[in-house]
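Novice: Assemble the whole structure, with the sequences as input and the hints as a guide.
Protein sequences appear in the order of chains A and B.
Note that the numbering used here has the first sequence beginning at 1, numbered continuously upward.
Note that the numbering used here has the second sequence beginning at 1, numbered continuously upward.
The set of hints was computed from the structure by calculation and includes no laboratory data.
We put the beta carbon where it would ideally sit given N, CA and C, even for glycine.
It is possible that some hints are incorrect.
[Unchecked claim] With the Cβ distance kept under 10 Å, some of the chain A side facing chain B (calculated, not the full set):
#1 25
#2 120
#3 143
#4 152
#5 156
#6 159
#7 196
#8 343
#9 346
[To be verified] Here are the in silico distance ranges between beta carbons for each label pair:
#10 B:346 - A:102: 23 to 31 Å
#11 B:151 - A:289: 37 to 45 Å
#12 A:111 - B:67: 32 to 40 Å
#13 A:215 - B:346: 46 to 54 Å
Protein chains: 2
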Amino acid sequence: MSAGRVRKEIDDALLAFVDRQRPGVLEISGDLAPLLSALDALLAGGKRLRPAFCYWGWRAAGGEDIEASRGIAAAAASLELLQASALIHDDVMDASDTRRGQPSVHRRFEAAHREQGWRGAAGSFGEGAAILLGDLCLAWSAEMFDASGLDAESLRRGRRVFDVMRTEVICGQYLDMLESARATGRVEAALTVVEYKSAKYTIERPLHMGAELAGGDPRVVAGLRAYGLPLGIAFQLRDDVLGVFGDPAETGKPAGDDLREGKRTVLIAFALERATPAQADLIERRLGDPGLDSAGVDELRAVIEETGALTACEKLIDQYTDQARAALDAAPVAPDARSALVDLAVAATARKV
Amino acid sequence: MSAGRVRKEIDDALLAFVDRQRPGVLEISGDLAPLLSALDALLAGGKRLRPAFCYWGWRAAGGEDIEASRGIAAAAASLELLQASALIHDDVMDASDTRRGQPSVHRRFEAAHREQGWRGAAGSFGEGAAILLGDLCLAWSAEMFDASGLDAESLRRGRRVFDVMRTEVICGQYLDMLESARATGRVEAALTVVEYKSAKYTIERPLHMGAELAGGDPRVVAGLRAYGLPLGIAFQLRDDVLGVFGDPAETGKPAGDDLREGKRTVLIAFALERATPAQADLIERRLGDPGLDSAGVDELRAVIEETGALTACEKLIDQYTDQARAALDAAPVAPDARSALVDLAVAATARKV
Numbered sequence: 001m002s003a004g005r006v007r008k009e010i011d012d013a014l015l016a017f018v019d020r021q022r023p024g025v026l027e028i029s030g031d032l033a034p035l036l037s038a039l040d041a042l043l044a045g046g047k048r049l050r051p052a053f054c055y056w057g058w059r060a061a062g063g064e065d066i067e068a069s070r071g072i073a074a075a076a077a078s079l080e081l082l083q084a085s086a087l088i089h090d091d092v093m094d095a096s097d098t099r100r101g102q103p104s105v106h107r108r109f110e111a112a113h114r115e116q117g118w119r120g121a122a123g124s125f126g127e128g129a130a131i132l133l134g135d136l137c138l139a140w141s142a143e144m145f146d147a148s149g150l151d152a153e154s155l156r157r158g159r160r161v162f163d164v165m166r167t168e169v170i171c172g173q174y175l176d177m178l179e180s181a182r183a184t185g186r187v188e189a190a191l192t193v194v195e196y197k198s199a200k201y202t203i204e205r206p207l208h209m210g211a212e213l214a215g216g217d218p219r220v221v222a223g224l225r226a227y228g229l230p231l232g233i234a235f236q237l238r239d240d241v242l243g244v245f246g247d248p249a250e251t252g253k254p255a256g257d258d259l260r261e262g263k264r265t266v267l268i269a270f271a272l273e274r275a276t277p278a279q280a281d282l283i284e285r286r287l288g289d290p291g292l293d294s295a296g297v298d299e300l301r302a303v304i305e306e307t308g309a310l311t312a313c314e315k316l317i318d319q320y321t322d323q324a325r326a327a328l329d330a331a332p333v334a335p336d337a338r339s340a341l342v343d344l345a346v347a348a349t350a351r352k353v
Numbered sequence: 001m002s003a004g005r006v007r008k009e010i011d012d013a014l015l016a017f018v019d020r021q022r023p024g025v026l027e028i029s030g031d032l033a034p035l036l037s038a039l040d041a042l043l044a045g046g047k048r049l050r051p052a053f054c055y056w057g058w059r060a061a062g063g064e065d066i067e068a069s070r071g072i073a074a075a076a077a078s079l080e081l082l083q084a085s086a087l088i089h090d091d092v093m094d095a096s097d098t099r100r101g102q103p104s105v106h107r108r109f110e111a112a113h114r115e116q117g118w119r120g121a122a123g124s125f126g127e128g129a130a131i132l133l134g135d136l137c138l139a140w141s142a143e144m145f146d147a148s149g150l151d152a153e154s155l156r157r158g159r160r161v162f163d164v165m166r167t168e169v170i171c172g173q174y175l176d177m178l179e180s181a182r183a184t185g186r187v188e189a190a191l192t193v194v195e196y197k198s199a200k201y202t203i204e205r206p207l208h209m210g211a212e213l214a215g216g217d218p219r220v221v222a223g224l225r226a227y228g229l230p231l232g233i234a235f236q237l238r239d240d241v242l243g244v245f246g247d248p249a250e251t252g253k254p255a256g257d258d259l260r261e262g263k264r265t266v267l268i269a270f271a272l273e274r275a276t277p278a279q280a281d282l283i284e285r286r287l288g289d290p291g292l293d294s295a296g297v298d299e300l301r302a303v304i305e306e307t308g309a310l311t312a313c314e315k316l317i318d319q320y321t322d323q324a325r326a327a328l329d330a331a332p333v334a335p336d337a338r339s340a341l342v343d344l345a346v347a348a349t350a351r352k353v
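Specialist: Okay, here's the thing in structure tokens:
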């Protein structure tokens, strides 16, 4: 079963669910069509990372091939709606202009409001529409999971993980926002955010959920989680590095966007920890400046490299990746799942530069 | 079983659920305590209207007394978390300062940000926190429903209604926002919003869900829905009247707040339909003015009365209330549920002036 084939089954399940919802929404009012179009556009992109980890957690724990059990395709794909909700709301909170190389949902509705010359503030209209579409995706995620077609006992086991996962990611988002506001600059605070907002949510819990859906042996579940958490941390640290040093064509975001947003990442915390007073002053002055130009981005990049923060972050990525690999080696997982999980680990943490 | 006793069982179930979630949240980080406090404060208020209708739908369809089945108390109370989510997000979208006589959630976090002298815009921090707490309530609502303890088959039947209900209320909110922006002023557009945002969500679907959870006879389900929809419309029209003419001590909102927010209600649509050009001009100039003072509120109130819109709205409330009562008379529901439903109808639509 190739990664491309799994991806196609997950995409098919996702689009089939949205298509089943469409007539009910349009029956309420044809005026709701723009909400559906915005969702279609968002779902056209994305790497389907969480569904893939969920599916391979299922396979690692002895679940059937995706073509023999369409239920797992739908249950796994429901995580993509959860992710859509998180992205839409995150973009409102960060006032991000783009997502997956397109205008973010709130900007899309803001532009529609402006074009139509409607009343009130276009920005508020855009934010309101995005809050509601994010809510719809959050509700539909649970609905899709429950309607996946897996048996009631499997769903009961999987839902416990699904429930924890939602609480963790929402709490992680709050802690992220809080750290941006408090700006303690502490590596530990940044790592807590990484753990809950990303590592558990993107990798550990999807694997965990897949394994529980399959009724996996507790040793398999424990092994997958021991692999997933450090891999998830490495994944987010890689993402943080790409947010500062990455190619816009690759990330779908303008160069240095994380710097403009003032994200308090582990990378930044490392830089502050190692900075001279002059360097720290530069970071504190420029980080989070919405008008930061490419010269400003270059200045911040230089400080992050000169302090050794980039090297320290790369080292940490390597350490966590090694830890994940060792946990996977020790876990009693099925052979084809093992090779897929190795590939996913490489894809999630590769330098891409 | 008195209304007070039902209310207490629902409150107990709600608070027990939140208390079960608390340690898991605080284990992630003690910094999450303010989210829980904000939720506690919000849940301390509220009339528990949706849980009450759900419970009486259950009883009307032959379900056991609340003391014999704690599962229905939890399943019904889960609707209060859905409502908390809707209120928190609605207040962000409407930029409302207060809710249930206290600061709205986003204002609460905005104030905390300001007091602490944190970085960034206090308003954005408040909105972000409110978006996330609303998300948490939406997720927890589904979690509480699923963990209510009712049997799997009952939950499966009830969840179908729960799913539709969430989609309807979110779509209704969008249509409400859209009508405020487009300001078509059409009675029909305002009535569609009333139907989906309020009538189905507050009364018809909670009754429907309760009856389905009880495995009710289709005739009972149909009868309850035929009672619930018109009653729900009457309920919202009453709320619209109170939003303009109500006593702040009763509504928990400043006098004329709906006028300041520029809500495009059926009451306003009636006024515009009947207005002279001068009256229409006054409405269009003053409605939605955030700085509207008490003299401005009085001016708008006078126009709404003089056009006959208030009388037309009261007449419509009476018509829908009568229609609801007739449907209830014809429905084959259990006697004690019938008398409770009559009381709820009175409570939901009474003039309160």
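Novice: Run every hint past the structure and note whether it holds.
Specialist: How the hints compare with the structure:
1. Interface restraint check for residue 25 (chain A): the shortest CB-CB distance to chain B comes to about 6 Å, inside 10 Å, so the restraint holds.
2. Checking residue 120 (chain A) against chain B by beta carbon gives a least distance of about 6 Å; that is within 10 Å, so the hint holds.
3. Because the smallest distance between the Cβ of residue 143 (chain A) and any Cβ of chain B comes to about 5 Å, under 10 Å, the interface hint for this residue holds.
4. A distance limit of 10 Å between C-beta atoms decides the matter here; for residue 152 (chain A) the minimum to chain B is near 5 Å, and the interface restraint holds.
5. Interface restraint check for residue 156 (chain A): the shortest CB-CB distance to chain B comes to about 8 Å, inside 10 Å, so the restraint holds.
6. Restraint check, residue 159 (chain A) versus chain B: the minimum CB separation of about 6 Å is within 10 Å; hint holds.
7. Using the Cβ-Cβ criterion of 10 Å, the hint placing residue 196 (chain A) at the interface with chain B is satisfied: the shortest such distance is roughly 6 Å.
8. For residue 343 (chain A), the interface hint is violated, since its Cβ never comes within 10 Å of a Cβ in chain B; the closest pair sits about 31 Å apart.
9. The restraint placing residue 346 (chain A) at the interface with chain B is violated, with a minimum CB-CB distance near 29 Å, outside the 10 Å limit.
10. At about 51 Å, the beta-carbon gap between residue 346 (chain B) and residue 102 (chain A) misses the expected band of 23 to 31 Å.
11. One distance hint, 37 to 45 Å for the beta-carbon pair residue 151 (chain B) and residue 289 (chain A), is violated here, with the actual separation near 57 Å.
12. Between residue 111 (chain A) and residue 67 (chain B) the Cβ separation comes to about 55 Å, which falls outside the hinted range of 32 to 40 Å.
13. Between residue 215 (chain A) and residue 346 (chain B), the C-beta spacing of about 52 Å keeps the proposed range 46 to 54 Å intact.
The structure shown violates the earlier hints numbered 8, 9, 10, 11, 12.
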